[in-house]
Amino acid sequence: MRASSPFLCFLFFLVFSHGAFAQLFGFGGQSAWQSPRSFAGPRGCRFDRLDALNPTQRLRFEAGTVEYYDVHNEMLQCAGVSARRTIIEPRGLFLPQYNNAPSLLYIIQGRGIKGITFPGCPETFQSFQPESEQILTGTAESQSQRIRDEHQKVHRFKQGDIVALPAGVTYWCYNDGDVPLVAIQVFDVSNTANQLEPRQRSFFLAGRHLSGQQTYETGPESYETGPQAYEIEQQAYGAGRQAYEAGVRPIGMAPLRGNNIFNGFDTQLLAEALGVNAELARQLQAQNDPRGEIVFVPGGLRMLRPSRSQEIQQQEFEESMQAQEQFGESWQGPYNVTANGLDENFCTMKIRTNIDRPSRADYYNQRVGRIARVDSQKLPILNLVQMSATRVVLQRNAVITPHWCMNCHCGMYVTQGQGRVQVVNHQGRAVFDGTVRQGQFLLIPQNFAVLKRADPLQGFHWVTFNTNQNAMVSQIAGKLSTFKGMPLQVLMHSYRLSIEQARRLKFSRRNEYTLFTPRSPRTTLLDQ
Amino acid sequence: MRASSPFLCFLFFLVFSHGAFAQLFGFGGQSAWQSPRSFAGPRGCRFDRLDALNPTQRLRFEAGTVEYYDVHNEMLQCAGVSARRTIIEPRGLFLPQYNNAPSLLYIIQGRGIKGITFPGCPETFQSFQPESEQILTGTAESQSQRIRDEHQKVHRFKQGDIVALPAGVTYWCYNDGDVPLVAIQVFDVSNTANQLEPRQRSFFLAGRHLSGQQTYETGPESYETGPQAYEIEQQAYGAGRQAYEAGVRPIGMAPLRGNNIFNGFDTQLLAEALGVNAELARQLQAQNDPRGEIVFVPGGLRMLRPSRSQEIQQQEFEESMQAQEQFGESWQGPYNVTANGLDENFCTMKIRTNIDRPSRADYYNQRVGRIARVDSQKLPILNLVQMSATRVVLQRNAVITPHWCMNCHCGMYVTQGQGRVQVVNHQGRAVFDGTVRQGQFLLIPQNFAVLKRADPLQGFHWVTFNTNQNAMVSQIAGKLSTFKGMPLQVLMHSYRLSIEQARRLKFSRRNEYTLFTPRSPRTTLLDQ
Amino acid sequence: MRASSPFLCFLFFLVFSHGAFAQLFGFGGQSAWQSPRSFAGPRGCRFDRLDALNPTQRLRFEAGTVEYYDVHNEMLQCAGVSARRTIIEPRGLFLPQYNNAPSLLYIIQGRGIKGITFPGCPETFQSFQPESEQILTGTAESQSQRIRDEHQKVHRFKQGDIVALPAGVTYWCYNDGDVPLVAIQVFDVSNTANQLEPRQRSFFLAGRHLSGQQTYETGPESYETGPQAYEIEQQAYGAGRQAYEAGVRPIGMAPLRGNNIFNGFDTQLLAEALGVNAELARQLQAQNDPRGEIVFVPGGLRMLRPSRSQEIQQQEFEESMQAQEQFGESWQGPYNVTANGLDENFCTMKIRTNIDRPSRADYYNQRVGRIARVDSQKLPILNLVQMSATRVVLQRNAVITPHWCMNCHCGMYVTQGQGRVQVVNHQGRAVFDGTVRQGQFLLIPQNFAVLKRADPLQGFHWVTFNTNQNAMVSQIAGKLSTFKGMPLQVLMHSYRLSIEQARRLKFSRRNEYTLFTPRSPRTTLLDQ
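Line by line, the protein sequences are chains A, B and C.
Residue numbers for the first sequence follow the UniProt record's numbering, beginning at 1 and rising by one.
Residue numbers for the second sequence follow the UniProt record's numbering, beginning at 1 and rising by one.
Residue numbers for the third sequence follow the UniProt record's numbering, beginning at 1 and rising by one.
A couple of the hints might just be wrong.
List of simulated lysine to any residue pairs, SDA-like, C-alpha gap at most 20 Å [as the list claims (entries may be wrong)]:
1) C:479 x B:123
2) A:479 x C:202
3) B:479 x A:271
4) B:479 x A:122
5) A:479 x C:350
6) C:479 x B:277
7) C:479 x B:479
8) A:479 x C:299
9) B:479 x A:347
10) B:479 x A:148
Simulated coverage check for chain C against chain B, where a stretch passes if three residues somewhere in it have a Cβ under 8 Å from a Cβ of chain B [said to hold, decoys possible]:
11) 404–415
12) 448–460
13) 470–480
14) 485–499
Simulated from the structure, these hints should not be mistaken for laboratory data.
Beta carbons: idealized from backbone N, C-alpha and C, even for Gly.
Pulled out of the complex, with its shape left as it was, chain A reads as follows (with noise of 0.2 Å):
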């Protein structure tokens, strides 16, 4: 058919067009460089000094942790960002919650599944082969029929994975593998999405939360760093865990925490809405449990689990997809654009992406390091949720050159190592000058320049959530940056330099993007 070809070109050119998959679907858009957010702090704020956080909070539950870094801070309230690292322990669940802002998750550490309900999307998951039959019986009382069982998609993540939750969204999250689980969060306070109040608040669908767990004030000297943290933490969850089974008091009441939505709501009535007596009514209601946020499954939660072969085939499969998407060549997308359309869209849509494989890499270069950018191109659920993120792995002594973001703030989450890091603003001062170390939270203010260099030592791993669907990072030296930009006469009437001055400030690192080798200043370089 003759037609079919350039039709075919123009769809393909409409879909990869940067940013237009999304408005054609209809929930994207408000612009591939800007998001709309309103100013969360009230006038006075200035970020004029800034500080690495340290996780000010901790709450204990059966099967886990939750830190949140100071959500008191000046800075954070100021950006409208809120931040919290959550651990947990193998066959540890994350009760489902619902948030009243978006957020992107980076798993730092282990693996895990999550299931998102969408409203409308259909339970095209299904588990009812004999195996599991068996082991769901054996968690039962008393059944020996067979049980089936569908629910909506589940999906896996693993280290080094972005995961994209919309406001609003349930969401849990289980831990299938056999290290503990560890996820910075990030959330977009300011995000539009969030019409509710400018802090984060998680509405809790399961689970007790007024008493019961502890609640540990931590300074910022308190938190240990390093991979074998999360080894002393795990002691101290099974410490926590037995404290709990002990029936110890907590220590102090976590002031975000509150009771599931269904404590509210009246026994008889919730009962009746739902169709179930009121003894059930009164376990959604979870007065009596000790367990918190995240619980143990005994058994495991098995029957999600589908065989190694198969997850491996669904691996190969996502990754083929992906280099697909990457070079253009096709897409799955949401062909069937039904009345529900938008849902129908939500329900088939990707979440979670891969930014720490090497393979992944915008920016490799073995010696100096690697940047990943996962912006709504690459994920086109991040127009809705309206962030971005960058991974990046800087080698021992590298720099990355002076940059700053034009359209976001930056929340940068140290993964390993550490570095010197300064952020300057618009009067020239340097609101930050020290060591970022892992485990450390820094907020980097739209527009402020930023200049870091790793360790000598340990090299500097971070990654970086931007409040912007498309984050524009502007960068002052380098193959694609502004002095590159800018004719010689224009830099030497500026700094006042001779033209050789000029040409080696424009020229000294034009064959490098945005990392750049360790200690070698050119002092001289002539073009060809």
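Knowing the structure of chain A, use the given hints to seat chains B and C on it.
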């Protein structure tokens, strides 16, 4: 190549249509999911106690009443929502005004016509029939030649209609029916269309507003509900009109009111600008006009009334159009995108749709009730207004599943009957637990969980106004619910249930949608 | 026709897919109509008294002046708008900076070149002609080999141009003309592109700003207007320059100023990051640079100047392009949408358009005046900047019809002459009634009604900056007006007019558009 010509034409059509270029290339647009809104309230807003609001201020005019729901209510301010109810007597003309915020109207009772003047829209309506001629002549002093009038489109509406009004657009309204026209209007003050200030502001093009009308502060008890209330009101209006005519001084000043905008101009300058004499300019300033915002039209606005048969034809045409839209068969829209494309679109755009007729329901069950949604898909002007609405009729004793709005606040106005409502916040605390009655307005904040049950005697009919053009609701039980989307094992371990209990919970309402049959808690329900 | 079926299918697919309909026709979502902005001001902002503002702060630099319109003005803060006027002497270079908010510039006088560096845009401009070679060599110390330079596109602009500057983008500017270059620049601080804080902030890439420049607090009276004012200013600059050279201490510190961003970095670290030696890094930090933000280029930036004939060719080419755009014949845009598609677009995007030439007017009447609008349709980068502008030239005594902006604030800068202006708020009260003179800036809030009349002797020329990429103005009288769109009977009953008066009101200006002929109130005007 034959294919290329329509293709290219379409490409250019896209490229040159207003704003589409931007969306195509990803830096324009905005989203079906999110409304960009700012937080209207101060940071301290917590929505920790909600009230079912009655109108607290009533303004009586010559031919009608405007009632405001507490403009000082902290919850409404926090949510950036403002509500008023307008009652226009037969032959009453609501004088032209425009507002700083978009709004949706729901027509509770009666019928009328509404004129909206978009700048630049053509005067496509003519009234020059000999018949109307004579009527015009009758009201004029001494005219015998043919008078022809052209003006912009006039929209008919009637009970059960949702009418959308963009910010800044001038509109007037006329009751050409036989019963008082009653409408509830909800403004989205925090909508980004409003850059002015976080309060609802009306700009009057006619009338005099500072004095001359009576203001009653009404307590929650003083407002009588039920169909007969309007009868009482109607008599009261009569009394009010007599009071006006007798020159009674107003009891209180309406704090929201001002003079019409012409008052602020120098009379001579105004006359010059309009090309009229000073006397006429003074007439516009209306300094001696005691009628208020709603005035009587002695002879009626007859030239605007198409013959009954024409009217029925138009109605049928519009309905057939709506049916087509729903089935996707055809679409009559702005094919002529000109340099003034934007205006062309607005000019032919539908501003109303009915959501009360049972045939419009998205969900219908004779015994339980019905639900009809109108979003930007059904009524595209809602993309501009960034609001949507839902009509719910709940039969006696029926319940609506616990749910929350994922992306907006909902303002709920009860049109008939009453019901028990519980609203739960993020701490699992009921911030509202009580009865909401006909005529009351309840704000339900984003993410807060709600449960509603109809009164056993009266049923419970309401309309919700959502601060998002595509409100997304997440339900806890029923066919499209959160429980339905979760694996049984997650339910089991979240709530410490046996598998039998989990299945009861998950499948008890599995064949019902949002509304549930009265009082039939199924205590046992097995699969198949 | 075989081509049509997939084409139509695709059309319907687009039209009916969720939300796409809206985006296609440009009124959807975020839209041609609305800019997502937050309220910059505290809740108490009422715009109840406006002032015609003069610059209150003047910063003198080596080769020019920057004047700020009262940055503490409550009305400007409420509206989220900031204005400054920049005067650059011939051969003056405005040093590179970027801002936290987008802005529009109107070139009041002179001509120049502007460089904008978008990250990732290619260096498509070369300067390696032998001629420029010699000039370069002249300014450099000792260079005899051929020097070739490549840099990003440089934009020419001249009197009457609107130039758009996105937030966060580095720009520099050079006066290559013979007269001082004068520009008024308005920032949209509340634009969502700015997540930083609700104030305008400049980040300097060069120069030293904390001291060395003189600050004058100027009262409203002290600023002389008229073409000769710039002459005076020009002499003053000369004096200012001598003062600099003589080492005079600054009188006051500029509160907005800071050092350039390099100052905040550790010199050694900076040198390493840039791959230059410490001496050069120190040079960037400019600690001994007394020149300020605008510096002299002794020999001129000659390599950037195309020959006069080339320039005229380019001009003609651009104009023919603009003409084509307006007639929709062709469009030269981003056909190569790559993985880096967004940047490609920005790279080739036009940032300026002329709105002062009579041939560009949307409305032109030799006797009355002219109006030229530039919105996102004419200049697509405005979709990004989310602002637009209007140029109005009102001849002596002419009036502009009373009107209001439906979807934005308007900042009005008077370029020549003066006029009487009245602004009326929602209470019908004049919040401004006075004369606005050349060089003054008046903020007109959204929805407020405005009436303007040109001075009988001087006429009244101004440019408005609108905080929306498609400002929509509603006019009260004239061909496209509110009165014109309303039925006669509605006018009659709204204002208690006879039919004769209503017709006079409706039709008095019916053949005129926005601008009206001076002093000819037609007291009688009948149809036909």
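Against the structure, the hints:
1. C:479 x B:123: holds (10 Å)
2. A:479 x C:202: violated (25 Å)
3. B:479 x A:271: holds (17 Å)
4. B:479 x A:122: holds (10 Å)
5. A:479 x C:350: Judged against 20 Å, a Cα distance of about 24 Å means the pair is violated.
6. C:479 x B:277: holds (19 Å)
7. C:479 x B:479: Answer violated: residue 479 of chain C to residue 479 of chain B is near 56 Å, above 20 Å.
8. A:479 x C:299: The hint is violated at about 29 Å.
9. B:479 x A:347: Holds - the C-alpha atoms of residue 347 of chain A and residue 479 of chain B are around 16 Å apart, at most 20 Å.
10. B:479 x A:148: holds (17 Å)
11. 404–415: Since three or more residues must qualify, the claim that chain B covers the stretch 404–415 of chain C holds, with 6 doing so at under 8 Å.
12. 448–460: Our answer is that it holds, as 3 residues pass the Cβ test (under 8 Å) against chain B, meeting three.
13. 470–480: Holds, because 8 residues of the stretch 470–480 of chain C bring their Cβ atoms closer than 8 Å to Cβ atoms of chain B.
14. 485–499: With 14 residues close enough to chain B, the hint holds.
Taken one by one, the earlier hints fail for this structure at numbers 2, 5, 7, 8, listed in ascending order.
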